[in-house]
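Those protein sequence lines, which keep their order, are chains U and P.
Per the numbering used here, the very first residue in the first sequence carries number 1; after that it's consecutive.
Per the numbering used here, the very first residue in the second sequence carries number 1; after that it's consecutive.
No lab work stands behind these hints, which were simulated from the structure alone.
Just to be clear, a hint being listed does not mean it is correct.
[Stated by the list, open to error] Pulled a few chain U residues facing chain P out of the computed Cβ check, cut under 8 Å:
1) 141
2) 257
3) 260
4) 344
5) 348
6) 350
7) 394
8) 395
9) 399
10) 406
11) 427
[What the hints assert, rightly or not] Okay, the calculated bits of chain U under chain P, using three or more residues with CB under 8 Å as the criterion:
12) 199-212
13) 261-271
Cβ atoms here follow ideal geometry from the backbone N, Cα and C, with glycine treated the same way.
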Amino acid sequence: MTNKPNSAQPFGRRRFLQTTAAGVGGMALGSLFVPLVARAQTPELTMWWWGEQELPGLQAYVDESVAAYTAATVKPMLQDTAVVISQFQTAAAAGTPPDIQYLWNGIYHMESVWFGYLKPLNGLLSEDTLRASNPTVLSNFGGNTYRAGWYPLPMVWYYNKDLFDKAGLDADAPPKTWAELLDACDKLKTAGIEPLGGGMQDGYWAEWWMSHSFVQTLDTAGEAVELFIGDKDFNDPRYHEHWVRLEELRTLGFLNKDMPSLELYPGIDLVVAGKLGMGQSIGSRLPADSKATNGRIGSMVMPVFGKGKLAGKPIVDTQGLGIAEGSANPEAAAAFLEYLNTPERLEAFHKATGWLPSSSRFDADLIEDASVKAMWKAWGQSPNITNVTNLMPGQFYEQAAIPTGQQVVQGTLTGEQAGELAARVAQEWRDFNPDLVEKYQQWVVDLSK
Amino acid sequence: MTLSRKLTPYLYLAPMLALLAFVFGFSILRVFEFSFKMVRGIDGPWIGLRNYRLVLSQPLFWESVRHNLLLLLAIPAMVAIALLLSLLLYDRLRGWKIYRTILFFPYILAIPIIAVVMKQMFQFSGPVNEVLRWLSLDFMALDWIGSTDVALWTVMMLIIWRESALGVILFLSRLLSLDESVVEAARLDGANWWQRAWYVLIPQMRGVIEFYVVISVITMLSAVFAYIYMMGGGRGGPGTSTMVTELYIYNALTRSSLPGIASAVSVMLFVVSLALIYLLFVVRRRAGGEGA
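With the hints as constraints, model all of the structure from the sequences given.
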């Protein structure tokens, strides 16, 4: 009798366990193998981004977009505010940058362009998508564009309609000229209302003042750069007139008394709370502020005093995204940016953040709040200009733009002295950065178009 | 003493020295190297002493140094306050242990927390000025953090308040370790509180007072960043009225993209701090000799 050891023997417990283990193992390996094969065909992208800090809901939007995207596996990483630039530049220098990088406007990303860390987007992204995203002229260098717009930051002046009513002013017709502004301030003051201001202890108000007023003296953004590289001079009355106007407001007693000791946002809150007539703000606050006041916050362009060609135009700054020069798959990265600019993703952006995406493809009818809709019509859908303070070298920003505004408001510096200080700091910047002066000189060509 | 016995303590120290060299050594060498380079990104060309020349010719740098030196004026006040409070606590007033905890409390709290609270308190329309106005002391209701003339003194007040707490604990520890019979003898001889403090207690605290002064000098010159950053709107403001060398370094590095300049100032600050630390060791050795 021959044994038939295999099939004829009873199926014992050990045998059962061995078979089961082999089966489960095989299934597990099989299930691993299939996605690995699939993943090998799907590009992997890394995206370093920022913005949740200023736009709550952006994280949810990014996560949702990444999860729904099938053409590539995108790994997003939210960056800390303090390291947005340095982290990218260090990684790029080490040859390990993310494929997609969040980029602030102007000099905040242009240095990376000059170091060779960013890829031009024209040619990678469709011309139509790029233009629709409003990357602004500050993203251009050497005829190339290095950022796509992601979300806009309209720079507005708030005014409180209830306080305008109380002072006998027309709440539907805010002042447009400097003379009208002084008249409005005078009437507000007479009515016992602090007319204008905000908070500038942290310095940002001084920067915004330059965004709104310095630009009024310029014909092109390139003209601002000429002041830094020494082709023009802040001692010229035309280029420090904005500080002289600030001095005038202080001298006339139109600025709120606690302005030097308040920070930017508590200062804006004063307008919203009905304690201050007018003040500088940012468009992304409007949905919440309008809701809080039942639409009694109006937005206006800063009244005009300057004679430059950029005077009186609404200002829109844009946060953006770019592609690293060291990206292993720039085409896949560009495809993901195209995906973020599809109408469906633009609508998803609005739903997740309550704010607007930077794209002319976005359907403005989706905006429900009348104040926000009016603001977007005037700022986003009309001819606008960019924020020229983004052109300032960091050294000038810290040592001239901020301190001058603070000291003029306090009365420890006149507008003219502010011009002298700015001229001196611009000279120091040139001494400290001879290599960057050359780059700025090249940049003027793009900025003056 | 044999060679091996001489080497023994150094062998015990060796692992820690190796660890410190590993963590800080390379960084410090790079800072020295960067101070002679025009660094862009992570490296740059050698430019000799140019960074030092640029820094030393800039008014803002000297203004920063001047502010650090002005902050040294806080030290006599800190010593006086800490001495007075520790002597009062040493008298073991009813509930002195609770007072001791309360007095040390500011030192436990993180600087950003107390600075944020202080900023609220010292706003032009804040509680401090409201109280002053209520008391008809309007002339004293200053723009504490918004005025370039006053802001540095306001920061100094905060520093005095918080750093004195460390002095109280140091001084009280020393007092509690003194031989009480000497104080008792003075008391029996008819010495009043002031005489006991001035002629008996304070002379025996000389070592710890010197120690406290030296670490306070180091603090004022190279460890006030958190106070200034929080109180000065993150910028040493208003204007540049609270700018100090640490913030100058921070700004040069992170806001002006000038690592070479930041390194040059860091090297200068490092050398000054090293000299002060050497002084600290001298003081401590002397204090040790006195049994402090």
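Checked hints:
no.	hint	in the structure
1	141	violated, 16 Å
2	257	holds, 6 Å
3	260	holds, 3 Å
4	344	violated, 38 Å
5	348	violated, 34 Å
6	350	violated, 32 Å
7	394	holds, 4 Å
8	395	holds, 4 Å
9	399	holds, 6 Å
10	406	holds, 4 Å
11	427	violated, 11 Å
12	199-212	holds (count 4)
13	261-271	holds (count 3)
Checked against the numbered hints given earlier, this structure breaks hints 1, 4, 5, 6, 11; the rest are met.
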